[in-house]
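Enquirer: Listed in order, the protein sequences are those of chains Z and V. Numbering-wise (our numbering), the first sequence opens with residue 1 and increments by one. Numbering-wise (our numbering), the second sequence opens with residue 1 and increments by one.
There could be a bad hint or two in this list.
[Said to hold, decoys possible] Output of the computed footprint for chain Z on chain V, the stretches with three or more beta carbons under 8 Å from beta carbons of chain Z: (1) 106-117; (2) 346-358.
[As the list claims (entries may be wrong)] Quick look at which bits of chain V chain Z covers, simulated, 3 or more residues with Cβ under 8 Å: (3) 25-37; (4) 364-377; (5) 529-536.
By construction, these hints were calculated from the structure, which means they are not laboratory data. Note that the Cβ used here is the ideal one computed from N, Cα and C, for glycine as well.
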Amino acid sequence: MRASFPPLLRRGWPGWVDSFLWTVRIAAIAVLIWGVAGTVVKGVAGEGPTAEAWRDLIVAGIAQGAMYGLIALGYSMVYGVLGFINFAHGEVFMSGAMVGFFVSDYLWEIHFWDTNFAVSILLVFSSSILTSTLVAIAVERIAYRPLRNAPRLIPLITSIGISFFLQYTFAGLFGVAVKNYPPPPDSLRARIGFLGIEIEGTKLVVVVVAVLTMAGLYLFVERTRTGRSIRAVAEDKEIAALMGINVDRTIVATFAVGGAMAGVAGILWALLFRGVSFHTGFLPGIKAFTAAVLGGIGNLPGAMAGGVLLGLFEGVGPQLVLAGLGIPGVSQLKDVVAFTALVLVLIFRPAGLFGERLAAEDRA
Amino acid sequence: MKDQDTRRLLRWGLVAGAVMTFTAAVGMLEAFDDRLLIRPVLSLGYLIMLWFAPVAGYQATNTPVLEGLTRPPSGTRNVAAGAICGLLGGTVLAAFTVLVDTFDLRGVFLPFSSRLVELLTYGLGVPAGLLFTALVPAGLGLVGGTLHLASASLRRRLILASEWVVVVALLEQIFTQVLSRIRLEALAEAIFTLRALEWWAALGVAALVAVISERSRGSLAMVRQRLFASDPRRRTANSVWMAIGVVVFLIVIPQVLGSLLSEVLANVGLFLLMALGLNIVVGLAGMLDLGFVAFFAVGAYTVGVLTSPISPRFAFEWSWWVALPVAIAMSALAGLLVGTPVIRMRGDYLAIVTLGFGEIVRILFLSDWLSPTFGGAQGVQNIPGVPLGFTEVSGVDPEGVLYLAFVFVLLSVWVSWSLQESRIGRAWTALREDETVAEAMGINIVRAKLNAFIVGAVLAGFAGALFAAKLGSVFPSSFELLVSIIILVVVIVGGMGNIPGVAVGAVVLIGVLGGPQVPGLLAEFSEFKLLIYGALLVFMMLRKPEGLVPSVRRSRELHGEELTQDAWLDKQGVLAEAGTATTEGAVNGR
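Isolated chain V, as found in the complex (with noise of 0.2 Å):
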């Protein structure tokens, strides 16, 4: 038990010491040092460097509870502990400051450089300043460990609160935006200086977090029950109103927000409307799909080379809504032509063909050989915005894009919504559990993955149609295999199978980080947004692999007994003062 100890508080310090060693290495501390949160104390980049000391200061000691055993008291051991693990993954941040500041190594790897060992040290040059290196990850993992100390509600308050905290810094944006729309300038600008949070309105918002959190706890759950748990006459009321209230709000936000912040939920509304698709063949249907980007393209270049006055061959001129349904009927036919060679392939055969699939789009594109019908690397440019009659929406009107987007997305949330509740819905489903089974109940598995196909295929293009409309012009490099991979990547952070999840991760990855070669909320992070996004991957598939919006039968599938297991120790109120020890203590110990 001791000797198991000391290998977990060694390796949450080894762990701590990789991953700020790495985020300084990679280059993040210096690119993110511009930007200030917290004035005068931190930066993005000390945050991305240190954010990791207090909770592997906090892990170290965490031990999980199963089921029959009683929790171990907290003590002056897991303060102890964390101390110890911040202190062991600062002195190999240490050791990798006197690396880089003993050897000139900047000829191979760019951030290696004297700012980088500045930044390290605190601005106290090397033998000074690294105690600091050292002892501030070690302060931070001592905050971490003491967090044990806490009651539980305590714990849970202030880690909220920390996080408010951040999340107010980072998207500073929105809160001046909406501050100053609702006539409280004055307040935006006492509380942020230089886009950066002043340490007293930091302290602010952290209270008033925590206070709102313990008055509020519960309510949400109370409201939800009201809501849905009435009688059916009731229900169908609430709906109405809540479908209102829903309408009233997404009016009301572009005038709030204004463009720039429009902009970029116009590109959420987009990549939404291409997720939603996706979601529909990999989350429903289970088919692996890493060309899903073929159809956008199609759909955009359909739009645009019926609608442009100089497309290379056919200046048609069509209004958009003409050419919309010929974009529809593209991108269903693409779906059809992909799907056919596809669909008798085994899983992972079908993702790399799917690739291959995607590429050729694009190659062919690009090539001479089609230039003389799309235009080749220029593309097709005077893409008319969409007519409504009184105006005219373009990518010059970020609120009228938005509006657009909107509706567009209640549409495919409605198409996509009917269709997984309806027979194809629970035969993609069953499909995707078992084949064999699906098959055996009568299922034509065939025409089933085939019709998921082309129901992704459609809303993609769909989604292209209007991209080609917003930017006016499409290009083959707007059409690389990494807007597979971001969609993808949205459709599994958010929950695969489940629409508020898509939407959930569509709003935090494209609203947030942005999305290919369109910038988030956080435009700082364009150079190391792909690196973020691998990351993220692969954390959630190795930790939360049904997403942060589950759908319920997706993590049945996934977990399997735990889950039962889960939902028997919730009864007993074990689980909540676990937290997520158990099913991360399930995932070690295997």
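Pulled out of the complex, with its shape left as it was, chain Z reads as follows (with noise of 0.2 Å):
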């Protein structure tokens, strides 16, 4: 992992490589600005979208994000102590949501969800939270544990095994169709007054409590004793063990946060969203790993900035720089531009926009 750029030409195949990516750098630096310009033109013609339309972008853009935050934490976590990326997250993510569905629909069915929708949402949020912790915990005893010390691409590709399970497990169990969550009530629904602008109360209840979340698990990890020996197995796994800590329980607990984080996420994509299946965690996964990255792995405040970041970009970015560049059905390219973002971070800025903070053996 360097720190700086290389030398612009050096003589050889290294230096063909280094020029090569100097020219996507600037490339990508030269769409955006030509993008940007193009949008901007059109937008003082009087063409494209409205304040309005550009002002609900950037809100669900920073909504989606603030969940992609909260995935990404499980990603960071995980990867900072055992230094490899836990494909099946996603899928943890997808069973809470999955559960929570199950609760929401019979809290529905029952008429509670209408009269106290407070207590469902609690109620969903900790059944959610409950299945993906326990999913996560499973995993790590069942798959990763006999890997400790295999070579790193070993758990990755386990991982990927376990994810693809995961998702046929509960396609087999619950079916394939897609489940939609019952509507929250029109009074969270309704646009509400914040900061001077409108939103949506759902978008605004998504970032509140993403916010909290992250904040309480910040101080879990900087203030509680487990949090230091997370931080402490993060850094050195036979040190910290030799300092007395258990360090499988230290791995279990950071799988078990990481669930639950994966657990409130679940729930804020059926606020956004609504509709739920075996394959909704795949994609969310992969972004919020992106997110995680972008902010440095290893780094939570940074996944959580990564992942608004990246909502935004994802929010924004069609609009702002693909349909500038005059390029139809821009929408569709949603994902284009945040797997685009992915590279993008790797090539410019490997160790992600606010550092990566990892064990000295996993720098390398």
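These two chains come separately, so use the hints to put the complex back together.
Expert: In structure tokens:
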């Protein structure tokens, strides 16, 4: 991992690669500027989205990004502690959302959902958190613990297997149809004035819940005994063990906390999109990983910031950059923007925007 | 010691219960019950649910024998342990049955129907049938425990015989087809009724296998020794004969198999081509590429766009052979473009970024933006087949596609083989094992990695070109991430970095289970295919990361000293007795 950029020209193949990467960097910036300029020109001419449409795109981007950030925390913590990408984390998120659906559906049927929404949503949150935490712990125990000292690609491949296994287990158990959460009450769906701008109530709830959860996690990791052992294990497992920390238990705690965050995110997803299926976990999972890398892997506030940034790229990027280039059907290219962001971050700043925090042996 | 035994018994019993309950809960028992394997006793559903009981019964008292220890005597203790372990599992299953029967959970869990209860209680209903629910696994666990009493050779023969019975019953299509081609329809009709093996025929197959395995023991090794360990001149002659034999076999086999099986085998060939490419990237150079399908898509779309008369932008109507070099060039270019930014990244970042590239390529092919060229969701249609002078090979002629696939696979095997044995192949192995050391030895890492990426991409593009001609149309939905993952599973299950291993992986997985969107011999599995792929991937990583047919170097890397110890034990003749117990003990003990 290089911290500084390599010299522009060097002889031979590596030099060729460097010039290629420089070309990519310059081209990316050029495309970005060109696209934004195109959109601005259009905006001045009175074409393109209105100011309200831009505001909605930005708010939606931030809300979705806050959810990505919560999922990203799980990736970031596991990567920080064990040094591998837990590909199955997206499915941990999906499992919470799925179980939450059945709880909310039951509450809807007994007419508890519309009369006591606050209690219901708390129940749904706790069921989702419980499920996701249990799934995360079970996966760690069954699949990852035997691989503690394996070469680093082996747990990654295992997690891909787990991801597919969980997806199709859920498909087998609950069917492949998309399940729609009952609608939140009208008061929540209406637009609320917030800091002088009108935004949708659910999106505000999503952002507030995400920020509170994040703050709670930050306090947990910084202030509690378990949090301190998580940080110690992330720094150096062997020395942590010598200091009397139960490494296995700490790793379980890491997975549990990451799973709980994913469980919260599962319900936030439901509030934003309502539909859940066994496929739901996959794309948010990859994007949350992108967010974790964007913020610097192992860096918890970074993961949250990376999530919000990615949500904004994804929400605003297609309209802002691609539409300016004259590309039709830009909303289809949302995912392309997210993945391109991942590639560009890794080319421009592989350690993320806010710096990564990894154990010594993983910094290679 | 005693305490440890009890704990192990409990663990295996509960694992057995969990596995059986899982297969029933996820819906496999119901879905596969229609497929009878052995008439009238065993259906595929019951096989999938119950197979683990005897395994658990055997494992519950299978003590790993370590160096210098003598094997504890086996006796009634093992049998009782097997039975208890099975009973424990059966009890869990019975509890599950009661749960499904008492509460109506159909609204949440789709498979929890009254039919599931009926199947679990063997048609006897809840109070009476529960006895069987618990006792059948107990009986099977007892059988597993009893295996300890048999001598090593008898045990081997019994296991082999039961494995073969299952294989024959499962792959009934192949056997009926081959039997009818060699004018033995009568025999086929006698032993198979409605795709199920008759019980007496099953016994016959078992007896046959048991006898043959005893007779032919060690003869394979002898043949191999005779082929390879003679003087160089003889060896050349032998390999020429072998090559001729292989070619004759490949020419004859589509004729024997008929078009349905040829279709399956042609798909195997197609995926094998891709797997050979991925094998270079993952197996030799050690870079985990999860977006491999992108190159396949580039090859397929290039051929489609250039050859189809109704391709949206360029209706060049080129011949396939003219489009092929372009397709290869395009996929090589794609390999270069994807490879250059990623080669300096950490291994796991590389995996995710290549995955991102794979998705980017698919979404772009699907998008409105590029649909004037690539046709969006409709894709490119009416792609002509491969002209061969006297005939044109396309999807309607599975035998033709199969011959073509054979030729291309042989070509790719030859290319991979020569690359592997060349200077660049050694460079790949070196950088997979230790990048820093490889660089210190004067290997140009960047160049070696880019080469691997490009060669892999070219092989995938080649497969894509054939795929376009075979299918006659290309859609974005044929190039989902699943394809990359399935190819990865093929390479890993077969044995990373080992060409015969990859071939075995492709035949077993694509041929039997089926690939993405293409059914294999067991078309019944389609619904649960990916569940099985996922489970298989995890199992292989935990227990046998080097694959079914491992490359020697790879397994040495993964097992380190364990292997040298195994070699020593092998020489002492201990390992043959202990079977896989040693390695499993080592894994569990960690």
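Enquirer: Does each hint hold? Answer for all of them.
Expert: Hints, verified against the model:
A stretch counts as covered by a chain when three or more of its residues have a beta carbon under 8 Å from one of that chain; for the region 106-117 of chain V and chain Z the count is 4, and the coverage holds. Only residues whose C-beta sits within less than 8 Å of a C-beta in chain Z count toward coverage, and the region 346-358 of chain V has 10 of them, enough to reach three; the restraint holds. A count of 4 residues in the region 25-37 of chain V with a Cβ less than 8 Å from any Cβ of chain Z is obtained; the coverage claim is therefore met, three being the minimum. Only when three residues or more bring their CB closer than 8 Å to a CB of chain Z does the claim for the region 364-377 of chain V stand; here the count is 5, and the claim holds.
With 6 residues having a Cβ less than 8 Å from any Cβ of chain Z, the region 529-536 of chain V passes the three-residue criterion, so the hint holds.
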